[in-house]
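Chain residues, written in single-letter form:
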Amino acid sequence: MTVMGTNYQEMKNRASEKAGMLQEKPYVMVGTATCGRAAGALKILDTFKEQVQKHQVETEVIEVGCLGHCYAEPMVIVYKPGFPALCYGNVDEGIASRLVSDFLVGDDPCFEFAMAALEPNDFFPTFADYPRGVYEQKIVLEACGLIDPEEIDHYIAREGYSALVKTLATEPGVVVDEIRNSKLRGRGGAGFPTGRKWGICHDAKADVKYVICNADEGDPGAFMDRALLESNPHQLIEGLIIAGYAVGASQGYIYVRAEYPLAIERLRTALQQARDNGLLGDDILGSGFSFDIRIFKGSGAFVCGEETALIASIEGKPGIPSHRPPFPAVSGLRGKPTLIDNVKTLSYVPHIMRNGADWFKGIGTPESPGTAVFALAGKVVGTGLVEVPMGTSLRTLIYDVGNGIKDDKGFKAVQIGGPSGGCLPESALDLTIDFDSLQHAGAMMGSGGLVVLDEDDCMVEIARFFLEFTQNESCGKCTFCRLGTKQMLEILTDITKGQGKPEDLDLLWELAEDIKAGSLCGLGKTAPNPVLSTLRFFRDEYEVHIHEGRCPARKCKDLITYRIVAQKCSKLCDACIASCPVEAVFTRPDMLKEIDLEKCVKCDNCLVTCLPLYDAVEKVSPPVTVAVEGGSASE
Amino acid sequence: MELMEGELEQIQSAVGEVLEKFDADREQLLPILQAVQGRLGYLPREAMKMVAAAVEIPEVDVYSVGTFYNQFRLSPPGKNQIKVCMGTACHMTGGNIIMDSFERRLEIEEGETTKDREFSLERVACVGCCALAPVVLVNEEVEAKVRPTRVDGILLGLGKELPKKEARPEDKAQDSAVPRDVSTQEAGDAR
Amino acid sequence: MSNNNGNNNGNKDSNNTGSNIGGKGKMVTITIDDKKYEVPEGTRLLWAALENGVYIPHLCGIEEEEKPSAGCRLCFVEIEGFLNPTTSCTQPVKEGMIVRTRSKRIDRMVKNAFELLLSNHRLNCGKCAANGSCELQKIAKERGLKLRVSRMRKLDIEAPVDDSPENFSYDPAKCVLCGRCVWVDHNVAKVGAIGLVRRGMGRKVAAFGETTLAESNCTQCGECVQACPVGALAMKK
Chain A
1 MTVMGTNYQE MKNRASEKAG MLQEKPYVMV GTATCGRAAG ALKILDTFKE QVQKHQVETE
61 VIEVGCLGHC YAEPMVIVYK PGFPALCYGN VDEGIASRLV SDFLVGDDPC FEFAMAALEP
121 NDFFPTFADY PRGVYEQKIV LEACGLIDPE EIDHYIAREG YSALVKTLAT EPGVVVDEIR
181 NSKLRGRGGA GFPTGRKWGI CHDAKADVKY VICNADEGDP GAFMDRALLE SNPHQLIEGL
241 IIAGYAVGAS QGYIYVRAEY PLAIERLRTA LQQARDNGLL GDDILGSGFS FDIRIFKGSG
301 AFVCGEETAL IASIEGKPGI PSHRPPFPAV SGLRGKPTLI DNVKTLSYVP HIMRNGADWF
361 KGIGTPESPG TAVFALAGKV VGTGLVEVPM GTSLRTLIYD VGNGIKDDKG FKAVQIGGPS
421 GGCLPESALD LTIDFDSLQH AGAMMGSGGL VVLDEDDCMV EIARFFLEFT QNESCGKCTF
481 CRLGTKQMLE ILTDITKGQG KPEDLDLLWE LAEDIKAGSL CGLGKTAPNP VLSTLRFFRD
541 EYEVHIHEGR CPARKCKDLI TYRIVAQKCS KLCDACIASC PVEAVFTRPD MLKEIDLEKC
601 VKCDNCLVTC LPLYDAVEKV SPPVTVAVEG GSASE
Chain B
636 MELMEGELEQ IQSAVGEVLE KFDADREQLL PILQAVQGRL GYLPREAMKM VAAAVEIPEV
696 DVYSVGTFYN QFRLSPPGKN QIKVCMGTAC HMTGGNIIMD SFERRLEIEE GETTKDREFS
756 LERVACVGCC ALAPVVLVNE EVEAKVRPTR VDGILLGLGK ELPKKEARPE DKAQDSAVPR
816 DVSTQEAGDA R
Chain C
827 MSNNNGNNNG NKDSNNTGSN IGGKGKMVTI TIDDKKYEVP EGTRLLWAAL ENGVYIPHLC
887 GIEEEEKPSA GCRLCFVEIE GFLNPTTSCT QPVKEGMIVR TRSKRIDRMV KNAFELLLSN
947 HRLNCGKCAA NGSCELQKIA KERGLKLRVS RMRKLDIEAP VDDSPENFSY DPAKCVLCGR
1007 CVWVDHNVAK VGAIGLVRRG MGRKVAAFGE TTLAESNCTQ CGECVQACPV GALAMKK
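Read top to bottom, the protein sequences are chains A, B and C. Quick note, the first sequence lines up with residues 1 to 635 if you use the working numbering. Quick note, the second sequence lines up with residues 636 to 826 if you use the working numbering. Quick note, the third sequence lines up with residues 827 to 1063 if you use the working numbering.
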């Protein structure tokens, strides 16, 4: 066995022993990634610690990352020898206390609160017994939520860093070939072949080379990179070291969004642990290969997801993209060959090195092998992070994995790929997902945000929202992106206010095409996609706004008014009056309520507050005009 | 923006301490500015000038960087920072309505600080809690599934005196001035 | 967002953008609009064309700059073998290169980029100091474009004219953000008084803290006025 092998084996033995010991007594795992914390996970964590203390049960309470079931946060896993490990969702302090007193002290696993068991057993179904589990196939998310991200041994016990050992015993060129053969494509957006990029950087002659992990996830609706960083940072670190070895780099960077403080904290801990174990730094595992990783905190600029802008940012300049070529793989950071890959892309690397390119190609589709990670959000029941093989249909993803549309509403569209992506209509639901099919349909894999829209969503407004986002994030350097997207935004805003002109739609289309072709960087080149796709599939909605001054989804504020339906309103209730911040809701002489449209600021409070029993507040479009002679409205 | 008495000295000593921890290198510019803001809450002009002198670049180049990135502020933040998420999921579930509600209650626009420097209101692109939309970050703590009616509750919890129900709109202006010994000078707007 | 979309021009070439410096020596033959020209190898196309009397619209190009800003998006040409129109300021010439400066696609892109710039430009040619020497007027004349905003929304800049320098003034509402003034300030005059600050629609040429030029460390050497292709920086009469 090589020196590296021996060094690793010692680590592995230590980790396995710890893992074995963990099984001997009860433990509680609390998901404390950002989304869990938002739902109150830290309180649950404290409750478990207190209760365990109070009841004097010997139990380890461990913080873990994200299991992906955001709709059920906070989530915990409770294990007790003799029982399968069980997962509980929507845990509150009461449930947490009961799990300690009834399950850990007593022997009642409280099945009434349980979601699923982690392994097959005779008592309770596992995740694999639900549709979501049937269609999901986890590679990069596999260990997320099941290991302590701040404990390197949890990762090592699951074969972590064994891919690095294997890599270090292989020629760099062969490592590049393995990635090339796997046909892995970049998960950051357009799906450029990762192996080809590695090859270019490997072949570039230079004294110094760099590898950078792009963790500047800025897509408003995607959070898988954050989840990966918070739940399994070592997987990424291992991938980045392998990339560094393959292309011949000695220094790596992880460029993380400043908005992800927890991810930065967990990464920092993980890097230190890797150094302490000789997996990072000088002469890694005795292989002679030296490599270190620094964290670079972004300062909030979406455009820094663009390779050249990201490099400018590390160099201490505004994040303004520059013309390519030269490509960073040839001349990047400080003018040296620089490989830049996304968090997800690098997270696949250890798995591919461990299991081989053929294994990876066996999953997904021939041209887009592997899995796709999506952040399911919007009007879908099962929001969260999901990982499915490429080639899964949108219908399966939304209706089986995501468990359908919330509140039994009608499906209208699915927005894929965030501000660079597009909206696809119902007719596209049977489309199978991969890089090329999505692009062909007018959307884009983007960073994997998938937002489900229902009948209450206005497509013009959604297009306007995304364009406003890119316009806000445009660096302002190039004419098409700075002024072109601004012109488009002005037009869309006019349309949502009922001030659109019939000829606007042609101008929108023409501008969109030119911005796509003429912009300097990827941000501008993809910015028109949300408009192009909604114009293509939902042109009628645009036309209704322009020609009838009406918003079919009753979303556009200027095209709606609120009203209280007298027949539904109750004399006994005045919840809406209390909810109104501007005293627009008043009581009529007959004790029913009405809205003074002149005062109404359309804040939605009364509609939200009105009891489902009455459901008396509604929105109407086109808006009702305010009568001249005072408070009441006429139609 | 005018500095208050003693503020200049405070800035100088804070920036001096930060600069000791970093190499005087252009590549350290972002980390330095982040550290300065970490100490002072914003990037005062005097601080940017000191940083420019230390890394030996024109002052305007530091200003370019300071005004390019969303994270940097050029005016002091409020004691309580409210950040409304405007990501896709939050937008769809009414993030803009939540923003409107805060703007109405605090009588400031997005990106501004109240005159008494008690509250500042910002938009953030996405905090990555889409399943809990709409979310608001209140002093970096996530408030999940915020309804418009929750806005008053959040502000009350932070000690904001809200106008009485009977109050006429024109009376509201005085309510935002919670007595504090800090001067009530104009707080400049961030971006 | 797309940060991996490799080669965006459809050409199989990922070489460094050549610089003009050191471009002397070997000559290559290129064809522009059906006429052949002998030009030094490695020169960038825009300058090779201008040198030979072929006009290509441009605002931000600086011949000496090794890394072209490529921000104005006006100098598009079609090159045989390339999928998409290419900015000529970034493209080094190569032996046998066949170039078209006009096509339906190019003309439309230039027309729209031009109207976009005008939509954000204070149009007052009659009273402008640059009347007659303005690059925007030249582009309009060369390409038969109108000097007015016809289809797009007018996006006026509300900013006062900075009259503080003794001999010249700066009108941000006329600035096309080409960045040439900032380049000469930093690289020729070596003063470092002005920069491109803020971003997106807020992007502008300004001094530290957005003060007037007289309050800044500007030496009023006037290099920036010479570099301005429009009337944003202009000598006082």
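Don't read these hints as lab results, they were simulated from the structure. Take these hints with a grain of salt, some might be off.
Computed list of lysine to aspartate or glutamate pairs in DMTMM-like fashion (alpha-carbon distance at most 20 Å, straight line) [to be verified]:
no., chain 1, residue 1, chain 2, residue 2
1, C, Lys972, A, Glu510
2, A, Lys336, B, Glu738
3, C, Lys930, A, Asp407
4, C, Lys920, C, Asp860
5, C, Lys972, C, Glu1036
6, A, Lys555, A, Asp436
7, C, Lys1016, B, Glu738
8, B, Lys684, C, Glu1036
9, C, Lys937, A, Asp504
10, C, Lys980, A, Asp457
11, A, Lys602, B, Glu776
12, C, Lys980, A, Glu93
13, B, Lys780, A, Glu468
14, A, Lys497, A, Glu426
15, C, Lys920, C, Glu984
16, C, Lys980, A, Asp506
17, A, Lys557, B, Glu662
18, B, Lys780, A, Asp108
19, C, Lys893, A, Glu510
20, C, Lys980, A, Asp494
21, A, Lys297, B, Asp658
22, A, Lys555, A, Asp574
23, A, Lys602, B, Glu775
24, C, Lys930, C, Glu906
25, C, Lys980, A, Glu315
26, A, Lys557, B, Glu691
27, A, Lys166, A, Asp207
28, A, Lys297, B, Glu642
29, A, Lys516, C, Glu877
30, A, Lys297, B, Glu744
31, C, Lys852, C, Glu889
32, B, Lys684, C, Glu906
33, B, Lys780, A, Asp457
34, A, Lys317, B, Glu662
35, C, Lys930, A, Asp108
36, C, Lys861, C, Glu906
37, A, Lys557, A, Glu543
38, A, Lys317, C, Glu1036
39, A, Lys317, C, Glu891
Predicted model, so just to flag it, every value in this text is computed and none were measured.
Hint-by-hint comparison with the structure:
1. C/Lys972 / A/Glu510: Measuring from Cα to Cα gives roughly 18 Å; hence the hint holds.
2. A/Lys336 / B/Glu738: violated, 48 Å
3. C/Lys930 / A/Asp407: With Cα atoms ~51 Å apart, C/Lys930 and A/Asp407 exceed 20 Å; violated.
4. C/Lys920 / C/Asp860: Since the Cα atoms of C/Lys920 and C/Asp860 sit roughly 16 Å apart, the hinted pair holds (cutoff 20 Å).
5. C/Lys972 / C/Glu1036: violated, 33 Å
6. A/Lys555 / A/Asp436: At roughly 33 Å apart (the allowed maximum being 20 Å), A/Asp436 and A/Lys555 break the hint.
7. C/Lys1016 / B/Glu738: Judged against 20 Å, a Cα distance of about 45 Å means the pair is violated.
8. B/Lys684 / C/Glu1036: Roughly 14 Å separates the two Cα atoms, so the pair holds.
9. C/Lys937 / A/Asp504: holds, 17 Å
10. C/Lys980 / A/Asp457: Not OK: C/Lys980 and A/Asp457 at ~30 Å, beyond 20 Å, violated.
11. A/Lys602 / B/Glu776: violated, 28 Å
12. C/Lys980 / A/Glu93: Status violated; Cα separation ~58 Å.
13. B/Lys780 / A/Glu468: violated, 23 Å
14. A/Lys497 / A/Glu426: violated, 27 Å
15. C/Lys920 / C/Glu984: violated, 45 Å
16. C/Lys980 / A/Asp506: With Cα atoms ~18 Å apart, C/Lys980 and A/Asp506 stay inside 20 Å; holds.
17. A/Lys557 / B/Glu662: violated, 46 Å
18. B/Lys780 / A/Asp108: violated, 33 Å
19. C/Lys893 / A/Glu510: violated, 30 Å
20. C/Lys980 / A/Asp494: holds, 13 Å
21. A/Lys297 / B/Asp658: Answer holds: A/Lys297 to B/Asp658 is near 17 Å, not above 20 Å.
22. A/Lys555 / A/Asp574: Cα-Cα ~25 Å, so violated.
23. A/Lys602 / B/Glu775: violated, 28 Å
24. C/Lys930 / C/Glu906: Given pair C/Lys930, C/Glu906 holds - Cα atoms ~15 Å apart, limit 20 Å.
25. C/Lys980 / A/Glu315: violated, 37 Å
26. A/Lys557 / B/Glu691: violated, 51 Å
27. A/Lys166 / A/Asp207: It is violated: about 25 Å lies between the C-alpha atoms, which goes past 20 Å.
28. A/Lys297 / B/Glu642: violated, 28 Å
29. A/Lys516 / C/Glu877: violated, 31 Å
30. A/Lys297 / B/Glu744: violated, 28 Å
31. C/Lys852 / C/Glu889: holds, 19 Å
32. B/Lys684 / C/Glu906: violated, 50 Å
33. B/Lys780 / A/Asp457: Holds, at roughly 18 Å.
34. A/Lys317 / B/Glu662: Holds: A/Lys317 and B/Glu662 sit about 8 Å apart, inside 20 Å.
35. C/Lys930 / A/Asp108: violated, 76 Å
36. C/Lys861 / C/Glu906: holds, 14 Å
37. A/Lys557 / A/Glu543: Distance of about 17 Å is within 20 Å: holds.
38. A/Lys317 / C/Glu1036: holds, 18 Å
39. A/Lys317 / C/Glu891: This hinted pair holds, its Cα atoms lying about 18 Å apart.
Consistency note: the structure conflicts with the earlier hints numbered 2, 3, 5, 6, 7, 10, 11, 12, 13, 14, 15, 17, 18, 19, 22, 23, 25, 26, 27, 28, 29, 30, 32 and 35.
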